[in-house]
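Peer 1: So the sequence lines, in the order shown, correspond to chains V and G.
Going by this note's numbering, 21 is the number at position 21 of the first sequence; the sequence numbering is gapless.
Going by this note's numbering, 139 is the number at position 139 of the second sequence; the sequence numbering is gapless.
Mixed in with the good hints, there may be bad ones.
[What the hints assert, rightly or not] On the chain G side, residues computed to face chain V include the following (Cβ under 10 Å):
id, residue
1, Gln127
2, Asp227
3, Ala319
4, Phe333
5, Leu336
6, Gly434
[What the hints assert, rightly or not] Computed far set for chain V versus chain G, every beta-carbon distance over 10 Å:
id, residue
7, Asp35
8, Val56
9, Gly108
10, Gly191
11, Arg213
12, Arg257
13, Ile277
14, Leu297
15, Phe300
Keep in mind that the hints were calculated from the coordinates and are not lab data.
Positions of the beta carbon are idealized from the N, C-alpha and C atoms, including for glycine.
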Amino acid sequence: MACWGLPVAELSRPSDVAADEATKPKVAAPTRRLDIISHRNIFFLISLLIIIPGIVSMVTRGFLLGIDFQGGSEFFLSFPHNQPSLAAVEAAVAGEGVNGQVQQTSNGTFIIRTSVLDPNQAKTFTDDVGRKVGSTASIDSQQQVGGTIAAETVTTALYAIVAASALILFYLAFRFRRVPGGWQSGFQFGGSALLALLHDVFLLTGIFSILGRVFGLRIGEIDAFFLTAVLTVVGFSVHDTIVVFDRIRENMVVSSRLTFEQVVNLSIMQTAARSIITSFTVVLVLLSLFLFGGDTLKGFALALLIGIISGTYSSIFNASPLLVVWRRLQPVR
Amino acid sequence: MQLVLSWPIRIIVIGLLLFSLFVDGSGYVYRFVNHLPVTGNVAGLPPNFGGWQLYFHRGLDLSGGTQLTLQMGNFPPGQDRATVQQRTIDILQKRVNALGTAEPLVQASGSNHDRIDVQLAGVTAAQAQQVIGHRDQLVITTWVPDQSITGGPFPGYKPQMTQMTADMLQSATAELDPSGGAGWVVAFQYNGAGAGIFSQLSTTAYNACGSGGAASCPQGRVTNWLDLTQDDINNWNTAGVQAYQPFDSGGKLLSDPYIQSPITGGNGIISGNFSQQSAQDLATSLNSGALPVSLTIVQSSDVGATLGADSVRRSLAAALLGLVIVVVFMIAFYRLPGLLASIALLFYAGVLLAIFKAASVTLTLAGLAGVILSVGMAVDANVLIFERFKEEMRAGRTIGAAVEAAVRRAWPAIRDSNTSTLITSIILIFASTGSVKGFAITLALGVAVSLVSSIIVTHNLLAIVLNFGWARTDGMLGVARGRA
Numbered sequence: 001m002a003c004w005g006l007p008v009a010e011l012s013r014p015s016d017v018a019a020d021e022a023t024k025p026k027v028a029a030p031t032r033r034l035d036i037i038s039h040r041n042i043f044f045l046i047s048l049l050i051i052i053p054g055i056v057s058m059v060t061r062g063f064l065l066g067i068d069f070q071g072g073s074e075f076f077l078s079f080p081h082n083q084p085s086l087a088a089v090e091a092a093v094a095g096e097g098v099n100g101q102v103q104q105t106s107n108g109t110f111i112i113r114t115s116v117l118d119p120n121q122a123k124t125f126t127d128d129v130g131r132k133v134g135s136t137a138s139i140d141s142q143q144q145v146g147g148t149i150a151a152e153t154v155t156t157a158l159y160a161i162v163a164a165s166a167l168i169l170f171y172l173a174f175r176f177r178r179v180p181g182g183w184q185s186g187f188q189f190g191g192s193a194l195l196a197l198l199h200d201v202f203l204l205t206g207i208f209s210i211l212g213r214v215f216g217l218r219i220g221e222i223d224a225f226f227l228t229a230v231l232t233v234v235g236f237s238v239h240d241t242i243v244v245f246d247r248i249r250e251n252m253v254v255s256s257r258l259t260f261e262q263v264v265n266l267s268i269m270q271t272a273a274r275s276i277i278t279s280f281t282v283v284l285v286l287l288s289l290f291l292f293g294g295d296t297l298k299g300f301a302l303a304l305l306i307g308i309i310s311g312t313y314s315s316i317f318n319a320s321p322l323l324v325v326w327r328r329l330q331p332v333r
Numbered sequence: 001m002q003l004v005l006s007w008p009i010r011i012i013v014i015g016l017l018l019f020s021l022f023v024d025g026s027g028y029v030y031r032f033v034n035h036l037p038v039t040g041n042v043a044g045l046p047p048n049f050g051g052w053q054l055y056f057h058r059g060l061d062l063s064g065g066t067q068l069t070l071q072m073g074n075f076p077p078g079q080d081r082a083t084v085q086q087r088t089i090d091i092l093q094k095r096v097n098a099l100g101t102a103e104p105l106v107q108a109s110g111s112n113h114d115r116i117d118v119q120l121a122g123v124t125a126a127q128a129q130q131v132i133g134h135r136d137q138l139v140i141t142t143w144v145p146d147q148s149i150t151g152g153p154f155p156g157y158k159p160q161m162t163q164m165t166a167d168m169l170q171s172a173t174a175e176l177d178p179s180g181g182a183g184w185v186v187a188f189q190y191n192g193a194g195a196g197i198f199s200q201l202s203t204t205a206y207n208a209c210g211s212g213g214a215a216s217c218p219q220g221r222v223t224n225w226l227d228l229t230q231d232d233i234n235n236w237n238t239a240g241v242q243a244y245q246p247f248d249s250g251g252k253l254l255s256d257p258y259i260q261s262p263i264t265g266g267n268g269i270i271s272g273n274f275s276q277q278s279a280q281d282l283a284t285s286l287n288s289g290a291l292p293v294s295l296t297i298v299q300s301s302d303v304g305a306t307l308g309a310d311s312v313r314r315s316l317a318a319a320l321l322g323l324v325i326v327v328v329f330m331i332a333f334y335r336l337p338g339l340l341a342s343i344a345l346l347f348y349a350g351v352l353l354a355i356f357k358a359a360s361v362t363l364t365l366a367g368l369a370g371v372i373l374s375v376g377m378a379v380d381a382n383v384l385i386f387e388r389f390k391e392e393m394r395a396g397r398t399i400g401a402a403v404e405a406a407v408r409r410a411w412p413a414i415r416d417s418n419t420s421t422l423i424t425s426i427i428l429i430f431a432s433t434g435s436v437k438g439f440a441i442t443l444a445l446g447v448a449v450s451l452v453s454s455i456i457v458t459h460n461l462l463a464i465v466l467n468f469g470w471a472r473t474d475g476m477l478g479v480a481r482g483r484a
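My request is simple: use the sequences and hints to build the entire structure.
Peer 2: What follows is the structure in C-alpha cells.
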C-alpha cells in the first residue's frame, strides 16, 4: 500500500501534472458524447422560455407576500368542537372592522389575515369570532408583524444575498486564478458561476410569482422560509457549478491538446453522472419532505425542489456554455 | 493523504465519536438503569457537567410558545441607551421569571439599543403581553400621624403621598457597601427636580425622629411602594396590612428605610442586611416602577403546542424517510463504499446532534432544513469521490491507487463547494435574524462536520476494509475494471 502515502497536491502545478501523465494513461474519449457546447443556444433558449414569463409575472403581478414581508396579523384558527362554514367565519370577521381576509385550508383550519393587532387585541378578536360563529376558536398559531420589521427583513435579506454573491465571486476568482489567463480568467469562471446562480434565483422567484399571483395558490407565498430556500439554492447552485469548473480546471492542464470547447464538453460529461446522482438523492429527501412533512414546510420543500432541479440544469447546460461564450468574447492571453 | 490516514487523526476522530455518543446516549442509559420512562422530562438527567445540563434546545416553532419583539421608545435624555436597555431587560427578566416558564429568554436586539426580544415557551401571546405590557408605578410616601388609624403596620400613622414622581428616579443599582464590609446596598440617583423634593422630605423625616429613628418612629421613614393608590391610603385601616407586605409576595411595599441623615444631593444608598441577590432584586423593582421607556410590540408570533409537536413529528418522519432512501440508494449504487459512506453518515449524525446539545444550538424548523441540506452535501462529497473512484478504476489503476487518486482529485471540488456554502452561511449568521439565522447556524455546523465525516471517516473506513481480500472484488466495489 505504498501509494497511500502521497501528499495532497495542487492539481494545477506542472510538476504534478507531469507525474500524473506518466502514471495515468490518457483519458480515453468517451464513445457516447453529447455535444452540449455546440448546442448551447438551445439550452439558453429553454432557460429563457421559463425565466421570461416569470420575470413578466414578477414585474406586472408582483408576489403573494407572506405575513412576515407584508406586515399585519395572521391567525390559524381551528374549531375542534363545532365546525362553522367559511361564510359564517367571513361574516364574523367582517363585523370586527379589522380589514380581515379569510381562507380555509383542506383540513378545515381557517387562515385569517388582518391589519396589525397586538396580542391583547388579537385575543379579543379571536374570542369575538368564536362567539359569533357559536363555537370556541382554538388558536393553532398567530403572528403579528409591524411594517418596519417587515421592511427590515427584506432589506437585510437582499443585502445578505448580494454580499454572499460578491464574496463567492471573489473566492472563485481566487481559486481559479492559476488556470491559464490568471485573475482575468478566474473572474470569468466566478462570473459564469454567478450568472448560473442568478438564473436559478430568477427562475425560482419567477415560478413562485406565477404560482402565487397568476394561479393564486397559497403555496406560492413569499415568506422567511422562501428566503431560506433561495439562499439554499444559491449555495447548491454554486456547489454544482464548482464541481464542473473544477474538472475544467483540471482538464485544461491534463488535456492541453484539446480546444477549450472540447475541454469544457469533456468536463461536463465527466461530472454529469455525479451532478445528477447528487441532485437525485437531494430530490428524494425533498420529495419525502414535500409529500409527508408538516404543512409549514410544504412551500419550502417545493421551492427547494424547483431550485435544485434548476441548479443542476444550470450547472450543466448554462454555466459552462456561458464560460465558453465569455471566453470567446474576451479571449485570455 | 498521509495525514488523513495517520493514527493521531484516527484517534482524534474516534475520541470525538465516543464523546458524542456519550453526550447523545448517556441520558438513555441513565433512564434504562433507573427504570425511568424513555421520553419526557427527568430531572438531573446526565450528561451533566457541574450543573451544566446538555439537552436539545427547541425553538418556539417546535415547542410551542410566544416570541415578541419590543420596540423601546421615549428614551430618557442624557442617559446611555445601552444602560437603559440593560435595565429594561433586567426588569422584564424579573417579571418573566415570575411566569415560571422553562428557559425564558429576554435579550437585546436592534441596531441602536432600541429593541428587546422575548421568547417564552408554553405561553400565549396575550398572556405574555399581560406580563410585559404591565407598568408598575413607583410611589414614594412619607408617614403622617392620624388618630383615626387603628390598624395597619403602624397604628396612629398612615402614608402620605409626596410630590416625588416615578420619573424622578434615574437609576437604582446594587453596589457593595461603600463604607466597607461584605454587605450590599442599593444606590439610587434622582434627577434635579427629584433631588430638591427628596432633600426636603429627608430633612423633615430626619428632624422628626433624629438619626436614631427606629420602628417606633414611622415619621423618620420615606417609603417606596409599587402601585400604592390614594384609595389604599384612604382605607388604610383595612388595606394597610396587605399593602405593607413585600411586593414580590403580593403586597405593594418595596422598601421602608428610615433616614439616617438628610439626603440633599439627589443620590444616596439604601442599606440593611442585603445580600447581592436581594439588593439586585430591590434595585430592579425600583427601576421597574420608574421605567421611563415605552415598550411597543412590533412583532409577535405564537405557535400552539399541538401544532409545534405536529411539525416536529411530521418533519422528523419525513427527514428519516429521506435518509433511509438515501442510504438504500447509496448502497445499491456504490455497494461497499456506499455502505461505508452510510456508516460515515451515522458518525455525522451522532456528532452533529452532540454539538447541538453541547453548544446549545436552538433547533427550529428552518434549522432542521439546514441539517437536511448539509446531509445532502455530505452525501455529495462521497458521490464525488466514488464517481472519481469508478473513473480511475476504468482507467486501469490498482484499487489502492484509484482510491488515493479519487480522494486527492475530488478534494478541490469538495473544498471549494463547501467553502462557498460556508461563506454564505457565515454572512447569514451575522446579517440575519430569526429563522434564517437558525438555518445558517445549523447549515454551517453541518457542513463543517460533513467535511470531516465524508473525507476522513469514509476514507479511513475504506482504507481499513480494503485490507481484506473479500472487499477487493469488483462486485463489492461496484466497478467495471478497465484494461490497463
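Peer 1: Now, for every hint given, state plainly whether the structure supports it.
Peer 2: We went through each hint and held it up to the structure:
The interface hint given for G:Gln127 holds, since its Cβ lies 8 Å from the closest Cβ of chain V, which is under the 10 Å cut-off. Checking G:Asp227 against chain V: minimum C-beta separation of about 19 Å lies over 10 Å; hint violated. Hint status for G:Ala319 relative to chain V: holds, with the closest Cβ pair at about 7 Å, below 10 Å. At about 7 Å, the closest approach between the beta carbon of G:Phe333 and any beta carbon in chain V falls short of 10 Å, and the interface hint on this residue holds.
Below 10 Å, beta-carbon pairs count as interface contacts, and G:Leu336 has none with chain V, the closest being about 17 Å; its hint is therefore violated. Evaluation of the G:Gly434 hint against chain V yields a held restraint, the C-beta minimum of about 6 Å falling below 10 Å. No Cβ of chain G approaches the Cβ of V:Asp35 within 10 Å, the least distance being about 20 Å, so the stated non-interface status holds. A cut-off of 10 Å between C-beta atoms confirms that V:Val56 is not in contact with chain G; the least separation is 28 Å.
At the 10 Å boundary, the C-beta of V:Gly108 stays outside the reach of chain G, the nearest C-beta of that chain being 14 Å off. With 10 Å as the threshold on Cβ separation, the claim that V:Gly191 sits away from chain G holds: the shortest Cβ distance comes to roughly 14 Å. For V:Arg213, the non-interface assignment is confirmed: its Cβ lies about 24 Å from the closest Cβ of chain G, beyond the 10 Å cut-off. Listed as a non-interface residue, V:Arg257 keeps its Cβ farther than 10 Å from every Cβ of chain G; the least gap is roughly 18 Å.
Consistency note on V:Ile277: stated as away from chain G, yet its beta-carbon is not over 10 Å from all of that chain's, at 5 Å minimum. Once the 10 Å rule is applied to beta carbons, V:Leu297 is inconsistent with being away from chain G; the minimum gap is 6 Å. For V:Phe300, the condition that its CB be more than 10 Å from all CB atoms of chain G is violated, with the nearest at approximately 6 Å.
In terms of the numbered hints stated before, the structure departs from hints 2, 5, 13, 14, 15, listed from lowest to highest.
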